[in-house]
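Residue 185 in my numbering is what sits at position 184 of the sequence shown, and the numbering runs on without skipping anything.
For the record, the hints were derived by calculation from the structure and aren't laboratory data.
There's no promise every hint is true.
[Claimed, not checked] Below, a list of computed lysine-lysine pairs in the BS3-like style, where the Cα atoms sit at most 27 Å apart: (1) LYS48 with LYS149; (2) LYS109 with LYS149; (3) LYS48 with LYS119; (4) LYS28 with LYS138; (5) LYS159 with LYS28.
[Said to hold, decoys possible] Pair ranges (Cβ atoms, derived): (6) VAL145 with GLY14: 47 to 53 Å; (7) GLU52 with ASP100: 14 to 20 Å; (8) ARG121 with VAL55: 17 to 23 Å; (9) PRO125 with GLN63: 39 to 45 Å; (10) ASP110 with LEU19: 17 to 23 Å; (11) GLN117 with VAL46: 33 to 39 Å; (12) GLU167 with VAL146: 17 to 23 Å; (13) PRO13 with ASP110: 43 to 49 Å; (14) ASP110 with GLU167: 43 to 49 Å; (15) PRO125 with THR104: 18 to 24 Å; (16) ASP100 with PRO13: 18 to 24 Å.
Even glycine gets a Cβ: it sits at the ideal position worked out from N, Cα and C.
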Amino acid sequence: MQLTLTNQYDVPGTDNPLNTYEDACIKDVNCPLTSYRKMGNNITVLKNSVEGDVLERELLIQPNPDSVPATLRSLAGDDAFDCIQTTRYDFATHTGSVDTRMTGGFLKDRFNSSAQFKVRCDTPDSPRKVSYEASTKIEVSIFVVGGKIANSLAAQMKERQPATQEFNQQWLNAGPAQEGITEETTQP
2 MQLTLTNQYD VPGTDNPLNT YEDACIKDVN CPLTSYRKMG NNITVLKNSV
52 EGDVLERELL IQPNPDSVPA TLRSLAGDDA FDCIQTTRYD FATHTGSVDT
102 RMTGGFLKDR FNSSAQFKVR CDTPDSPRKV SYEASTKIEV SIFVVGGKIA
152 NSLAAQMKER QPATQEFNQQ WLNAGPAQEG ITEETTQP
């Protein structure tokens, strides 16, 4: 299953919009941590480092069973979606990757998700807009139902896209201290 999603952001301030977006939404580990927690996940940071122009981050993501669609829970079990997500981002090329692997259970060694993403400033007509485009490939190697699970995960990503975009926009608007980000304003 191949899925491409694009989000656009209006970057406040006068600093370089691309750098501002990267600092707030990619480099700052609190942005993805807060976003994932708002979606009902337990998160543990396993690694978070920047060496030169390259960020490397590993997160252990444990979805709340209620956040996993009932169809998928019934097929794979409550803890089958615990995963390690590895993000690599190159600030020089403004490109990155996200690889997700299951940590155990029924889907271990049967699930592969990899995304390539890029961050770009839009046209000169919109100098404060930044685009985030991700192309994700989801593979589930389970006879008969693998395609259904991959399609369900892709549908869930599409469904959550507006909430993720809204959260990131609010995060950008709040600035470095992230003042103004509250439970009420970030619900998916």
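Which numbered hints fail
1, 10, 11, 12, 14, 15 and 16
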